[in-house]
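**Q** Note that the protein sequences, when read in sequence, are chains A and B. Going by the working numbering, the first sequence opens with residue 1, and the numbers climb by one from there. Going by the working numbering, the second sequence opens with residue 1, and the numbers climb by one from there.
By construction, these hints were calculated from the structure, which means they are not laboratory data. Everything numeric in this text was worked out from a predicted model, so none of it was measured. A few of these clues could be false.
Because identical chains share one entry, a pair is satisfied inside a single copy or across any pair of copies.
[Unchecked claim] Calculated pairs, SDA-like style, for lysine to any residue (alpha carbon to alpha carbon, straight line, at most 20 Å):
#1 Lys504 with Pro469
#2 Lys449 with Asp35
#3 Lys449 with Glu5
#4 Lys504 with Gly468
#5 Lys504 with Ala494
#6 Lys281 with Ala320
2 protein chains.
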Amino acid sequence: MNGAESLVRTLLASNIDVCFANPGTSEMHFVAALDRVPGMRCVLGLFEGVVTGAADGYGRMADKPAATLLHLGPGLANGIANLHNARKARTPIVNIVGEHASDHLQYESPLRSDVPATAALISDWYRVGAGARIPHDAAEAVTAARSRDGQIATLILPADTAWGPGETPQVASAPPPLVQALPETMARVVQAVKAGKRCGLLVTGRALEEAGLAVLARLQDSGIQLLAQQANRRFARGRGRLVVPRVPFSIDQAVQQLAGLEMLVLAGSHPPAAFFGYPNKPRLQTPPGCEILPLVEPGGDTLHALAWLADELGCPARPAAIPQAAAPTLPATDRLDADTIMQAMAALLPENAILCDESVSSGRSLFKFTDGAAPHDYLQITGGSIGCGLPLATGASVACPDRKVVCFEGDGSGMYTLQALWTQARENLDVLTIILANRSYRILQGELKGVGIDSPGEQARRMLDLSGPSLDWMALARGQGVEAVAVDTVGGFARAFKAACARKGPFLIEARIP
Amino acid sequence: MNGAESLVRTLLASNIDVCFANPGTSEMHFVAALDRVPGMRCVLGLFEGVVTGAADGYGRMADKPAATLLHLGPGLANGIANLHNARKARTPIVNIVGEHASDHLQYESPLRSDVPATAALISDWYRVGAGARIPHDAAEAVTAARSRDGQIATLILPADTAWGPGETPQVASAPPPLVQALPETMARVVQAVKAGKRCGLLVTGRALEEAGLAVLARLQDSGIQLLAQQANRRFARGRGRLVVPRVPFSIDQAVQQLAGLEMLVLAGSHPPAAFFGYPNKPRLQTPPGCEILPLVEPGGDTLHALAWLADELGCPARPAAIPQAAAPTLPATDRLDADTIMQAMAALLPENAILCDESVSSGRSLFKFTDGAAPHDYLQITGGSIGCGLPLATGASVACPDRKVVCFEGDGSGMYTLQALWTQARENLDVLTIILANRSYRILQGELKGVGIDSPGEQARRMLDLSGPSLDWMALARGQGVEAVAVDTVGGFARAFKAACARKGPFLIEARIP
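Let the hints inform the model, and build the full structure from the sequences given.
**A** Put into structure tokens, the structure is as follows:
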């Protein structure tokens with residue numbers, strides 16, 4: 001048994017059985033070990049952003065880490081953007097990054113770079129593995145990934161460590177208990193609510209999954225205003241589930257939503273800052289004078305704190321009925337635009353689907369349509385680093401092969417990691433991709449105004465415009481083995497959507513909108 | 001005039017007039033400034049790896065830096081892999097990276113990350129720009145990029161610095177003189193050669209451009225063995241030019257080539273290390289006991305040192321005739337494979353073309369065919385980080401619009417940055433892309449053996465195989481507005497190549513090979 005094999009056996013013994021990979025020479029022993037050790041499913045991505053984004057989608061839905069296998073510093077660097085998103089989501093991931101043989105690093109060679117410094121950028125835990133310690137290092141990496149409700153752990157694997165002798169595989173130990181809310185802080189929250197202060201409760205993470213929503217439902221009549229972060233790891237939504245309004249992306253709308261609050265309690269969330277700082281706009285979305293009180297730190301035990309809070313506030317153990325939004329219906333018009341697509345999609349969404357959303361500008365009002373849709377899990381971009389949608393859908397489908405994954409993707413953002421479609425084809429994943437083809441960086445056309453530029457000139461317009469030439473997503477999908485159609489009416493979209501839902505396997509709809 | 005405008009004016013005044021860009025909200029003022037300040041050509045890339053790779057190709061051919069415009073930490077991160085290649089090539093580049101407004105960084109927001117630490121990974125110079133200093137910072141960045149024969153300079157631009165008041169634009173000062181060889185070292189080299197030691201001279205960089213080759217030609221009969229690094233920034237090749245053999249990629253072949261050397265003199269090059277460290281193979285390619293003597297450091301004044309050496313060795317001021325390789329002819333067979341494509345391409349290459357090579361495994365013997373081809377500049381991957389070919393060709397064409405660019409690209413490596421094709425279409429660049437479609441990471445199939453794995457199993461094979469589904473490069477090109485054909489015979493390839501050379505604008509040939 002060599003080091004690579006003892007690593008693979010440690011990962012398997014620690015309940016990691018999926019590895020998204022884009023390997024190179026320095027990882028060949030790991031790849032070879034996969035055939036000697038049964039049980040690890042290895043999924044190839046043709047670009048590292050696909051690999052790390054898929055690990056994010058997998059981790060969010062499987063609720064356990066996938067491994068990634070990346071080639072040296074540049075391979076890891078190509079994966080940073082989606083690891084950035086995953087880290088903001090608190091998705092557990094274990095990266096295995098190959099490195100030159102230890103005695104080769106003294107020389108300048110083409111692929112030599114500072115791998116530990118690269119890992120440090122997006123890792124909560126990282127280490128350069130060493131010979132006899134490899135199974136221990138790997139087990140610690142898995143524990144780190146599972147700690148604090150999800151972290152990024154990166155184990156750097158020098159090639160000689162992979163081909164050298166392997167030690168006994170280890171099993172990762174359980175992560176330390178989550179940090180809990182302090183009684184003093186809880187008392188302050190309870191006192192404020194009871195005193196009739198206008199309090200908001202900003203949640204994210206597990207609070208928005210099925211079990212968390214059940215606790216939040218207890219709090220719905222407690223007098224505290226429930227709010228979800230703008231971006232969240234995973235959000236259980238649709239018929240039968242409590243609707244928790246998200247803080248909007250737009251700073252103006254967010255300020256309006258939070259207006260009047262005297263206290264904002266943070267449960268696993270961060271102080272609500274604007275997505276960007278704009279000239280002459282506030283940086284924080286809370287009104288001046290509003291106290292921001294962290295009850296549970298990010299990665300802490302939110303569910304425990306919420307149940308405790310409900311108890312303290314005397315909320316019923318079983319909540320009253322949850323108000324239900326009307327079931328969405330197909331639009332009355334045949335005019336295809338971002339709104340009618342969302343409405344049609346909401347009306348046609350299969351039960352228990354996973355809805356991955358990287359629609360950027362087009363999907364801002366999505367929740368209005370999907371509040372009453374069939375129950376589904378909603379996954380979104382969490383770190384603002386575009387190019388996560390297609391990979392996220394890919395990984396979610398690997399985690400949940402029996403659920404339909406619908407990916408709602410902008411044409412600009414989709415181009416960052418379009419190689420994910422190939423992986424969907426190779427693995428025959430049940431992913432339906434909808435490309436919102438508006439042929440522009442539409443969000444930036446709005447952002448120009450937001451930063452005070454009202455009349456952009458020709459050069460500026462050209463930087464935000466994706467026509468000339470227009471992207472043909474049917475060709476881009478078919479070129480990677482994914483069937484596709486283009487539609488430009490609501491009727492055409494609805495027919496394509498229903499047909500795609502009636503079959504298994506990857507499919508893409510290019511929705512041509514104004 | 002705001003800060004963004006004073007920055008654009010400083011770049012223009014410092015002779016930077018091309019900006020490869022993928023902007024976001026934090027860069028909108030820079031984008032808007034482009035319309036107020038005429039003269040900057042802004043080229044949009046749909047992924048940052050395209051942006052930075054194009055800046056590399058541009059810098060190599062224009063012999064001056066382009067600017068890039070990148071969005072925050074993740075945007076820069078997406079550009080790292082090709083900046084890694086550019087840095088290894090010593091290509092001058094000035095990166096402008098947007099950052100959150102200074103007073104917004106105190107808050108956790110989705111896109112917040114450590115931009116300076118990201119910049120540090122691939123920059124020789126980096127700085128966070130500040131209000132009144134911006135034009136000075138920008139001018140220093142340009143000087144840094146031009147220093148030491150080419151560096152990566154990264155200026156981080158907080159949004160408030162861009163929208164705040166701008167100061168008087170500056171002009172970059174000249175870079176400091178290049179470091180020259182020391183007389184003592186020169187004396188040692190001359191003594192060794194005169195004493196009949198078996199000496200090699202390993203060169204790279206400017207030594208391989210037209211002017212450098214003229215100096216090397218003086219040395220051809222001096223008794224010192226001329227050698228080029230395996231990877232080089234730019235290599236003037238073809239009819240009428242001195243043939244300087246490259247050290248091969250394969251460690252075994254490299255060791256064989258350098259066998260018998262007693263001294264290896266480095267002129268701007270690094271000690272010749274293997275590309276990867278392999279079990280039971282040497283790390284250095286020189287024979288044991290061979291002295292490695294650095295005469296000029298990387299980024300030093302190689303041309304001066306070579307001329308000086310030629311003088312010291314009593315070489316003629318004007319070299320003897322340069323031995324000429326036979327002009328390549330079309331292959332006699334119609335069987336299309338990597339060798340017959342290279343031979344046909346060499347026979348048909350237009351005069352003064354730029355040949356970008358990221359053929360990875362398929363192109364190892366390219367030089368054998370192109371030694372006697374029409375004169376051309378050869379650009380190659382320098383940092384081993386695949387995904388540089390298509391962007392490199394894009395940038396080279398922006399730099400040299402009147403020259404045909406031929407890009408020789410693997411299907412696996414091409415997929416990393418295929419979005420470059422869209423930029424070629426939008427800018428109507430005269431680039432002919434040849435995809436060597438072998439449907440595998442062929443190089444890794446060889447590398448498996450190199451690291452001692454003789455019989456890979458099914459999982460391992462699947463990680464190196466790109467069929468199932470096969471990529472359809474015609475569709476991938478057309479989907480981005482680039483015309484394309486597929487060929488599977490030498491005759492078909494030659495016809496397509498000639499037709500593509502007879503027209504201007506982007507075109508792609510998918511060459512289906514075993």
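**Q** Taking the earlier hints as the rules, which of them does this structure contradict?
**A** Number 6 only.
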